[in-house]
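Asks: With the hints as extra help, turn the sequences into a complete structure.
Note that the protein sequences, when read in sequence, are chains A and B. Position one of the first sequence corresponds to residue 0 (numbering that gives the first Met the number 0), numbered consecutively onward. Position one of the second sequence corresponds to residue 0 (numbering that gives the first Met the number 0), numbered consecutively onward.
There may be inaccurate statements among the hints.
Stated by the list, open to error - Restricting the straight-line Cα-Cα distance to at most 27 Å, the calculated cross-link-like pairs of lysine-lysine (DSS-like) are:
id, chain 1, residue 1, chain 2, residue 2
1, B, Lys181, B, Lys33
2, B, Lys241, B, Lys223
3, B, Lys180, B, Lys11
4, B, Lys11, A, Lys23
5, B, Lys11, B, Lys175
6, B, Lys11, A, Lys19
7, B, Lys164, B, Lys110
8, B, Lys164, B, Lys223
9, A, Lys23, B, Lys33
10, A, Lys23, B, Lys175
11, B, Lys164, B, Lys33
12, B, Lys164, B, Lys3
13, B, Lys78, B, Lys223
14, B, Lys180, B, Lys241
15, A, Lys23, B, Lys181
16, B, Lys181, A, Lys19
17, B, Lys181, B, Lys11
18, B, Lys33, B, Lys110
19, B, Lys110, B, Lys78
20, B, Lys164, A, Lys23
21, A, Lys42, A, Lys80
22, A, Lys13, B, Lys181
23, B, Lys78, B, Lys181
24, B, Lys241, B, Lys175
25, B, Lys33, A, Lys13
26, B, Lys175, A, Lys13
27, A, Lys23, A, Lys13
28, A, Lys19, B, Lys78
29, A, Lys13, B, Lys180
30, B, Lys110, B, Lys181
31, B, Lys78, B, Lys33
32, B, Lys175, B, Lys3
33, B, Lys241, B, Lys110
34, A, Lys23, A, Lys42
35, B, Lys180, A, Lys19
36, B, Lys33, B, Lys241
Since the hints were made in silico from the structure, they are not lab data. Keep in mind that this is a model prediction, so the values were computed, not measured.
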Amino acid sequence: MAGFFDRLLSREPKSAYQAKERMKLVLVHDRSNLSPQALEQLKDELIEVISRHVNIDAQGMRVEIAQEGREQRLIADIPIKAAAKRRMG
Amino acid sequence: MPAKVVTVTSGKGGVGKTTATANIAAALALQNYKVVCIDADIGLRNLDVVLGLENRIVYDLVDIIEGRCRLRQAMIRDKRLPELYLIPAAQTRDKSAVSPSDMVRLCDEIKPDYDWILIDSPAGIERGFRNAIAAADIIVVVTNPEVSAVRDADRIIGLIEAEEKGPAQLIINRIKPDMVKKGDMLSPDDVLELLAVELLGLIPEDESVITSTNRGVPVVMDGKSRAGQAFRNIGQRLLGEKVPFIPIEESAGFFNQLSRMFRKGGG
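Replies: Below, the structure written as structure tokens:
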């Protein structure tokens with residue numbers, strides 16, 4: 000009975016759900032051999048290189064690993080600032 | 000047709016590799032196929048005790064490779080089945096006593112006269128694993144519905160792909176249907192979604208695996224065992240038959256019924 004009320008009151012997700020969500024993240028980084036820190040560093044370096052050529056919105060930039068089956072893809076979405084300016088001028 | 004080589008591996012230890020090897024081999028032998036099992040876990044021999052053949056070992060895998068005996072001398076025949084043989088691992092040597100090309104040569108020698116070769120791989124991703132997969136036509140990865148086993152399975156599947164030995168086929172072992180139903184264990188669908196591989200079998204947690212291993216009898220020979228049935232299904236699938244997977248709810252129902260009967264009986 001206590002277990003029943005515990006479950007009713009607590010909002011903690013089921014442990015299997017937690018396991019799955021944790022594993023999704025772990026496996027992405029295991030497979031690509033890119034830790035979250037390394038991915039951040041890659042993003043910073045990308046900003047640095049691309050900024051030399053185009054005016055980009057660094058805040059709005061996203062770099063992530065997409066998965067399809069066991070295939071992985073590094074996806075970078077980089078908004079460009081300069082184009083908007085030019086249109087205004 | 001020359002024998003097909005099936006290697007059973009896992010990454011993490013203790014998930015049921017040896018049990019799976021022994022039972023898939025026995026399931027195929029029950030169908031009157033000629034089967035040879037090779038224990039590639041040199042230094043940590045176990046397939047012999049799981050099959051109940053530990054008292055009959057004279058020569059081992061390393062003896063064949065180093066030329067101290069002929070192939071047939073090291074093959075122990077399981078007398079309970081029509082044609083099941085074991086080549087045991089050496090117990091006093093290490094993995095470096097065998098090379099991947101030794102394993103390929105050995106399997107090539109066995110292939111013409113048999114239908115299936117089952118190789119029990121050691122845990123880990125080092126030399127022993129490379130030896131075990133060198134000759135494989137099919138690689139079977141065993142995992143449990145637990146985070147550490149799933150993570151290691153993913154790593155092994157990646158290595159198998161990198162070696163161009165894929166696609167790996169997955170066995171999920173020790174599933175507890177009641178826990179899955181309550182949301183307290185990763186379901187087979189969860190594990191498959193995470194690992195994105197082909198499924199070969201689902202084995203429910205079953206105490207008869209322990210008792211039959213205690214006796215040295217493969218659980219596939221127990222007609223009443225759920226795990227035994229699941230392993231026989233795997234054998235059928237390897238033979239190319241489309242055997243449906245037992246839905247997890249059904250086995251939960253089955254287990255509930257069983258425990259209810261048990262409780263009634265016990266008063």
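Asks: Which earlier hints can't be squared with this structure?
Replies: Going through the list in order, the structure violates hints 1, 8, 9, 23, 25, 28, 30 and 32 and respects the others.
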